[in-house]
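First residue of the sequence shown: 1, per full-length UniProt numbering; consecutive thereafter.
Quick caveat, the hints were computed from the structure, so don't treat them as lab data. As the structure is a computational prediction, the values presented were derived from the model and not from experiment. Some clues are possibly wrong.
[Claimed, not checked] Calculated cross-link-like contacts (lysine-lysine; reagent style DSS-like; alpha-carbon spacing at most 27 Å):
1) K246 with K198
2) K153 with K134
3) K186 with K153
4) K134 with K177
5) K261 with K235
6) K261 with K186
7) K235 with K177
8) K277 with K235
9) K202 with K107
10) K253 with K202
11) K107 with K153
12) K246 with K265
13) K80 with K107
14) K73 with K107
15) K277 with K246
16) K123 with K80
17) K202 with K128
18) K121 with K202
19) K177 with K261
20) K121 with K153
21) K128 with K246
22) K107 with K121
23) K123 with K134
24) K134 with K121
25) K277 with K202
26) K73 with K123
27) K80 with K128
28) K265 with K235
29) K261 with K277
30) K128 with K235
31) K80 with K198
32) K246 with K107
33) K186 with K202
34) K128 with K153
35) K186 with K235
36) K261 with K121
37) K261 with K246
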Amino acid sequence: MKAIWIGISLFFLVPATLFAQKKNKKEIETPLIDPDSSGIVSNKLLPTTSPLLLFDEQSKKEKKKKQKKKEKKNIYFGEKTHRARTRQVMRDQVQYTLFNYTTQSHKPDPYIRDIYWYDTKEKIIRTKDFDAGKGVLLHGPYERIVGDVTVEKGMFYYGTKHGTWMTFDSRNVLLDKGHYNGGWRKDSRTTYYDADNKTIEKMTPIEYDLMEGNYFQFYENGQVAVVGEYQYGEKVGLWTEYWDTKNTQAVRKREIQYQEKAFTKNVRPYIRAEWDKNGNLIYRNNLISNQ
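Please model the complete structure; the sequences and the hints are all you need to start from.
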């Protein structure tokens, strides 16, 4: 009788154990993802070395020499382009956008906030999240016309504003004239570690005498040290500091959260998280972890 009772007990115990094992296995296979669990980030997510400024004084001299030669039709900055246009009706007025684009493969400058590209499916011009599989970079002359008046005119270099850009009102009166170098306003400030201006220390975006756009600071070896954004002279969004790993990998050191939009009242910046040199989380704001 005792043997029979033991057999019955094992019959119910074994399936229950197997069920528990399957449940535990399922829990292991679908873990919760904690974005702060590691400070190590993919190099694809951010620039890890300082940029090569394409439009320095030497390149400007070479450019002037090339401009003396007669340029072929639809070839800009040595790149063959195609012409296109879009048409929109806004407030009973027809707006045309005339532009050139390149089909050549080119990686956009990761240091520039606004990259202009033409979404070939939606038939619109975008400034964010360029996808080579969905569109092409604007490259060459650009003109926006409302009614019969040109309201904006300029030149693009692989999706970035370049050269002189002008905007006009409905009476063709000049409202603004800006000068760009590969997406950077000429007023923007770049400081260097060396006297030869080859090793970049900081890149501070300036527009209309205010800091506006993406800010970068580098270690002397060229690795990114700080990344953030300015709006109307104020820090906004998430600013990230990185450890100096001698360009072996990108490891977050600290994240500081600022206001999402400039001039937001009653918003104080706070440290969101911190990591050690190995990418191990050492501090996280409790407000974030409880969300």
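Results for each hint:
The suggested pairing of K246 with K198 holds, with an alpha-carbon distance near 18 Å, which does not exceed 27 Å. Taken as a hint, the K153 and K134 pair is honoured in the structure, with Cα atoms around 25 Å apart against an allowance of 27 Å. Among the hinted pairs, K186 with K153 is consistent with the structure: their alpha-carbon atoms are about 17 Å apart, no more than 27 Å. Distance restraint check for K134 and K177: the Cα-Cα separation of roughly 32 Å exceeds the 27 Å cut-off, and the hinted pair is therefore not satisfied.
A threshold of 27 Å between alpha carbons decides the hint, and for K261 with K235 the separation of about 9 Å falls inside it, so the pair holds. Using a Cα cut-off of 27 Å, the hinted pair K261 and K186 holds, with the two alpha carbons roughly 25 Å apart. For a cut-off of 27 Å, the pair hint linking K235 to K177 stands: about 26 Å separates their Cα positions. For the proposed pair K277 and K235, the alpha carbon gap of about 26 Å is at most 27 Å, so the pair holds.
Of the supplied pair hints, the one linking K202 and K107 holds, its CA atoms being roughly 22 Å apart against a limit of 27 Å. Distance check on the hinted pair: K253 and K202 sit about 18 Å apart at the alpha-carbon level, within 27 Å; holds. Proposed proximity of K107 and K153 is supported: the alpha carbons are some 24 Å apart, at most 27 Å. Annotation: proposed proximity of K246 to K265 is violated, straight-line Cα distance about 40 Å (limit 27 Å).
Taking the CA atoms of K80 and K107, the gap is about 17 Å. The hint holds against a cut of 27 Å. Distance check on the hinted pair: K73 and K107 sit about 24 Å apart at the alpha-carbon level, within 27 Å; holds. Pair hint K277 plus K246 holds up; C-alpha atoms about 12 Å apart against a cutoff of 27 Å. The straight-line distance between the Cα atoms of K123 and K80 is roughly 21 Å, inside the 27 Å bound, and the hint therefore holds.
Simply put, K202 and K128 have alpha-carbon atoms about 24 Å apart, close enough for the 27 Å limit, and the pair holds. Between K121 and K202 the CA atoms are separated by roughly 38 Å; this puts the pair beyond 27 Å, and the hint is violated. Taken as a hint, the K177 and K261 pair is honoured in the structure, with Cα atoms around 26 Å apart against an allowance of 27 Å. Restraint check for K121 and K153: satisfied, since their Cα atoms lie roughly 25 Å apart, inside the 27 Å limit.
Taking the CA atoms of K128 and K246, the gap is about 30 Å. The hint is violated against a cut of 27 Å. Between K107 and K121 the alpha-carbon distance is near 20 Å, which keeps this suggested pair within the 27 Å criterion. A distance of roughly 10 Å separates the Cα atoms of K123 and K134; the hinted pair therefore holds under the 27 Å criterion. The straight-line distance between the Cα atoms of K134 and K121 is roughly 7 Å, inside the 27 Å bound, and the hint therefore holds.
Of the pairs offered as hints, the one joining K277 and K202 holds, with about 22 Å between alpha carbons and a cut-off of 27 Å not exceeded. A hinted pair counts as satisfied when its Cα atoms are at most 27 Å apart, and K73 with K123 qualifies at roughly 24 Å. For the given pair, K80 sits about 24 Å from K128 by alpha-carbon distance, which is consistent with the 27 Å threshold. Distance check on the hinted pair: K265 and K235 sit about 13 Å apart at the alpha-carbon level, within 27 Å; holds.
Between K261 and K277, the direct Cα distance comes to roughly 31 Å. Violation of the 27 Å bound is thereby established for this hinted pair. Simply put, K128 and K235 have alpha-carbon atoms about 20 Å apart, close enough for the 27 Å limit, and the pair holds. Between K80 and K198 the CA atoms are separated by roughly 30 Å; this puts the pair beyond 27 Å, and the hint is violated. Of the pairs offered as hints, the one joining K246 and K107 holds, with about 24 Å between alpha carbons and a cut-off of 27 Å not exceeded.
Only pairs whose Cα atoms come within 27 Å are accepted, and K186 paired with K202 is accepted, the gap being roughly 15 Å. With a CA separation close to 20 Å, the supplied pair K128 and K153 stays within the 27 Å bound. Distance check on the hinted pair: K186 and K235 sit about 21 Å apart at the alpha-carbon level, within 27 Å; holds. For the suggested pair K261 and K121, the alpha carbons sit about 31 Å apart, so the restraint of at most 27 Å is broken.
Restraint check for K261 and K246: not satisfied, since their Cα atoms lie roughly 34 Å apart, outside the 27 Å limit.
In the structure shown, a violation is registered for the earlier hints numbered 4, 12, 18, 21, 29, 31, 36, 37, in ascending order.
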